[in-house]
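Trainee: Protein chains in written order, with this note's numbering: chain A, 1 to 143; chain B, 1 to 143.
Just so you know, these hints were derived from the structure itself, not from any lab. Treat the hints with care, as some may be off.
Any copy will do: because identical chains look the same in the list, a pair fits if it lies in one copy or spans two.
Unchecked claim - DSSO-like mimics (lysine-lysine), calculated; alpha carbons at most 30 Å apart, straight line:
#1 LYS33 x LYS85
#2 LYS4 x LYS77
#3 LYS33 x LYS4
#4 LYS39 x LYS77
Predicted, not measured: the structure shown is a model, and the values here were computed from it.
Protein chains: 2
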Amino acid sequence: MDPKHRSYCPLSVALEVFGDRWSLLIVRDLMFKGRTTFKEFQEAEEGIATNVLADRLQRLEAHGIVARRRDPSDARKVIYRLTEKGLDLAPILVEMIVWGAREGRTNAPPAVIRRMREDRDQFLAEIRSRWATTQLPDEAREE
Amino acid sequence: MDPKHRSYCPLSVALEVFGDRWSLLIVRDLMFKGRTTFKEFQEAEEGIATNVLADRLQRLEAHGIVARRRDPSDARKVIYRLTEKGLDLAPILVEMIVWGAREGRTNAPPAVIRRMREDRDQFLAEIRSRWATTQLPDEAREE
């Protein structure tokens, strides 16, 4: 047994990476909300604590889900982006959003939820193509 | 704001229910492995601690994802089953398994992963129909 995993079950492996209440919210902010900085993640409505945010960003980076770079327009600023492996989390997020939207009152626009359910492949293709346009040429090569 | 949720985001709501390293492993055991008793969940290879298992089962039951009943063949035994709401987690599990199977070495049979990716709707339909056959007549009505 690989000592770094509790089992070889792929579900267990996935939960070891992002099985907590916060990691996927950061992925959501990057994927759907255009948030890219520590400060923007911190301002998300769920009120993530600074130390939890720092820890989760570090873990997501260690697992190759997010990558950091200097903001080209302001070298003092660090901005985060989803890697291709992070983008591959989109189908999971979509299914979780569809499930969560059934749980009583949410702020999810019903038309978006309907598209996620009924036009899933096209919805995922759009996420991917939107993501591709945010990649810098040299980063596209790196993936 | 509903004080019981940190936000109305459906993803956040979902993570409040099962955003941890263990809950979805119990759902996996019920959905794919035919495990139905506390003892069987405890024997899963990940080595869940007794108190964590008891806590997660209670939470899953409180959220209407699992239900308990007496074993019809042995009234001293409690057995768990997935409710329809629990069954609705299948698409999330499938996507997480597909993602996790890309993460290096896992024990997932490649043929099953391929079916999950390429024949997803049919695969999900089979999970649902297998689940339906395990429901007792009076429980089918209750859903």
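Trainee: Now look at each hint and say whether the structure bears it out.
Mentor: Status of the hints after comparison with the structure:
1. Proximity of LYS33 and LYS85 under a CA criterion of 30 Å is satisfied in both settings, with 18 Å inside one chain copy and 28 Å between copies.
2. Proximity of LYS4 and LYS77 under a CA criterion of 30 Å is satisfied in neither setting, with 34 Å inside one chain copy and 36 Å between copies.
3. With identical chains, the CA atoms of LYS33 and LYS4 are at most 30 Å apart between copies only, with a shortest distance of 24 Å across copies and 33 Å within one.
4. Taking the shortest alpha-carbon separations for LYS39 and LYS77, only the intra-copy value of 11 Å comes in at or below 30 Å, while the best inter-copy value is 52 Å.
Hint 2 from the list above is the single one not met by this structure.
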